[in-house]
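Given the structure of chain A, go ahead and fit chain B onto it with the hints provided.
So the protein sequences, as listed, match chains A and B. Sequential numbering of the first sequence, starting at 473, is according to our numbering. Sequential numbering of the second sequence, starting at 611, is according to our numbering.
Be aware that one or more of the hints could be misleading.
To be verified - 27 Å max Cα-Cα, derived DSS-like pairs, lysine-lysine:
#1 B:K653 to A:K779
#2 B:K911 to B:K624
#3 B:K919 to B:K653
#4 B:K742 to B:K672
#5 B:K618 to B:K919
#6 A:K526 to A:K559
#7 B:K653 to B:K926
#8 B:K911 to B:K926
#9 B:K919 to A:K642
#10 A:K488 to B:K672
#11 A:K485 to B:K911
#12 B:K780 to B:K742
The hints are simulated quantities; they were obtained by calculation from the structure and are not laboratory data.
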Amino acid sequence: MEQFIYYLKVSLKGIKRAPLPYALTIFILSVGLGVFFANATFYYQLNSDPLPQKSDKLFFPMLNLVPYQCTTDCRTPRVLSYSNVQKLSQSGIPTQAAAMYSADGYLRINATQPPLPVSIRITQRDFFSLFDVPLLHGSVWPDNSARQEVILTKTSAENLFGRTDVVGEKLLLDDRHVTISAVLDSWQMLPRLYDANNHNHLSDADDIYLPLETGYDMNYLSNSQSSTFDDTDYRQLSTQGRTGALHQLQYWVQLDTAAQQQAYRQFMHNLVQDEKAAGRHPSEPNNQLIAMRDIVSYFGGESSDIKAFALVTLLFLLVCLFNASHLSLNRYLSNQYEFGLRRALGASRSQLQLQMLADVLLMALFTIGGALLTGYAGIKLMTELLPANRLFADWDLTLLIALLLLAVICSYLVTLYPSLRASFGTLNQQLKE
Amino acid sequence: MSLYLLFKGLLSRKVVTILLLLQLAMTLALLLNSVLLAQQTHKQLNQPTGMDLDNIVLVQLKPTTASLRVYPALEELLNRQLNAVSALPDVVAAAYANQSALLQGGNNGNVYLDGEEGRTNQPSVPMYFVSKEFFRVLDSQVLQGELPQHSVSLDNPVRPDVVITQSLAKQLFADKSAIGQQLNRGRLAAVISDFYGQRSGDNVMYNSIQVAPPYGVDWGYSILLRVTPGRAGAVRQQLDQVLRQVEPNIEIFHIRTLAEQHQRLYRNEYGLAMLLTILSALMLLVTMVSSYSSTHFHALKRQQEIGIKRALGASKNSIFIELLSENWLCTLVGALFGVVLALLLNQALAQVISIPSLNGYLPVMTIMALLLCVTLATWYPAAIATRISPASATKAL
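Same shape as in the complex, but just chain A (with noise of 0.2 Å):
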């Protein structure tokens, strides 16, 4: 111990000895790894699993069950209607399922307060429990059925009431009465990959949840996507909306093994057929079953923005590298008088390459600091120019971790070279100079 303190202190003598090389090397180390750092920051969150326990079996199915002969775009809606789900629920494969949308509204405890908006997910009962939602307090409604009820998230029952434990409380939703069934402990997926169209993966969690049935008989519209592939008026959701080709459903399915993916798949194939054959739709069978790991990219949602800047910011600090190692090449060569005195007097190549160890160790130090101080300035700047990324800024402990380890590797690599350079040299040649 004694022995690297003195390491120490002789690095720390080196250092004094040429701060300005030493400074420049730490700045230039500190901002590649910085802003390396932010943009994985991103990188890292949005390519997330939410649920690694189950997401390979939660899958997205979608069928070309749309009434016209498609001539240029053939690619499967990415949204089903109501009768489209209607039919995808009856085959009894899956271990559970929920079709939903989301809609907007405004809640209010009584028609003298402020309305307060917010976001609806119109939903199913097996929602909750295929997404792993906690519950704080009550139940989820016990069936699929039409009921003036909703369930609140922590923040919204805090919003309103200022308590959590709400359940059995009256609400108007757009002037209409609703009671609260249940509040949901703190809960937010990122990325929220089962809304993933239209990138609303990226989109914060929705403040109350609603029986699909409730939502159709309420009239709610999709405020993501909502197609009409015939004359069905949009207006009349509760009537023609159950009936006509009006999309705007997701729907999604857990199905545990292979034979039941296998046993599902078959069952959209027979479905499709059976409603071709009955002349329901002309148009040639396109079905697609997503996993929910893939369903981002299937949609071509994925950030491009931060997958190019992730290549750049890679170059970026390999510049930083080089540059760095340049530095030091240079600080190491002009002390290398001082590497070959030590030598004369008796220093083994190995206690040289403890010194270098002590070196990288302080550069390491400074660096992480340095490195997390411009990592958390290149994710306020990024959150500033990249705004619909804001939900993905946060460092968790790998991401920590991993910097740590990327900070001391840097900081070996950019000593490595010089160190050896300067201790493995002729000791007449380093004396001379």
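Same frame as chain A, now just chain B:
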């Protein structure tokens, strides 16, 4: 000063030179692609929109009570709001619309000639349901036909007449007269000058407009105002209060000029171009530090050599030029590699974002900028090196 000797000098310190060349090449590659992206964003932001963006104010709003979102209460609310904002000083014209121009996506659908869907269908054409002053707000020029003068309900058995923009008319009818033709949305009444509709559409200038109250306002609606030039700021300050006085049960999402709306439409491209510009500036800074340090260190190492040259009659100027020339040579060699690297980076970036290809003059301009930065960085250490006196440098011999 011989080019051969300059190369020899660089090769005598291979590792340092290679590191420097790599940095310079990567810096140039990034710089070139950042400039390309910045140029593209600038071009997008300056493309013609067919509207006087600075003098049109957009209000996006929605009634907060369900009863105000259905007819006839909705139509009465729309008219009250229009009357109130039209009475404001400096408001030249005001109109409501189911949606604004300059959007990413929105309310859109197919447009085709009746009975010729297969041949003439144009998908994803924005559908505007507006009050009749809409055309005055946009200052649209009527190129064919006459604008509809009365609002007709979309539920009317005879559908309201349709107005389309010039680009869409050209696509549907080529150079033939279009007026009176029957489209799937109604009879064509007029063709107006182009304006920027939705970015996600096949052609941003394709638009179809009907003078009719919107079907519904579940997604909110827009009030658009043309104001006296230079008075947009003053008008927008009053809008919130005026609209809430007319009807307090509304949510106003935003009040902004169409210039701001346009900027927001390209916010991602702007953000990425800004980030790359900042990164390029950092890269140039890093390269300057590198050039400075390299020149400074090697001038120190070559004190004796410089002293001898000075003793043999070399002027301060020639020493100064020699040191700068070494850096210029290094920069030019690095830049050549950089152009190749820039092409590769350009292709890699094109896989994930929309970026134009490299053109002829840009690499030359960027190399000049890089040379300027390197010259600035090496100026001071090169000037210091010229102060080495022949006597002090040769005394060690």
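Are B:K919 and B:K653 close enough, with their CA atoms no more than 27 Å apart?
-> Status violated; Cα separation ~53 Å.
Proposed proximity, B:K919 with B:K618 (alpha carbon, max 27 Å) = The hint holds at about 17 Å.
Is the Cα-Cα distance between A:K485 and B:K911 27 Å or less?
-> 22 Å, holds
Take the C-alpha atoms of B:K919 and A:K642, compute the straight-line distance between them, and say whether it is at most 27 Å.
-> Cα-Cα ~94 Å, so violated.
Are B:K911 and B:K926 close enough, with their CA atoms no more than 27 Å apart?
-> 18 Å, holds
Are the Cα positions of B:K653 and B:K926 separated by 27 Å at most?
-> 48 Å, violated
Below or equal to 27 Å on CA atoms is what counts here, so check A:K488 against B:K672.
-> Answer violated: A:K488 to B:K672 is near 65 Å, above 27 Å.
Between A:K526 and A:K559, is the straight-line Cα distance small enough, at 27 Å or below?
-> 25 Å, holds
Restraint status (C-alpha distance of B:K911 to B:K624 at most 27 Å) = The hint holds at about 15 Å.
For the pair supplied as a hint, B:K780 and B:K742, confirm whether the alpha-carbon distance does not exceed 27 Å.
-> Holds, at about 24 Å.
With a cut-off of 27 Å on the C-alpha distance, tell me whether B:K653 and A:K779 pass.
-> Holds. B:K653 to A:K779 sits at ~23 Å (cutoff 27 Å).
Quick one, are B:K742 and B:K672 close enough, alpha carbons at most 27 Å?
-> Holds, at roughly 20 Å.
In this structure, the earlier hints numbered 3, 7, 9, 10 are contradicted, and the remaining ones agree with it.
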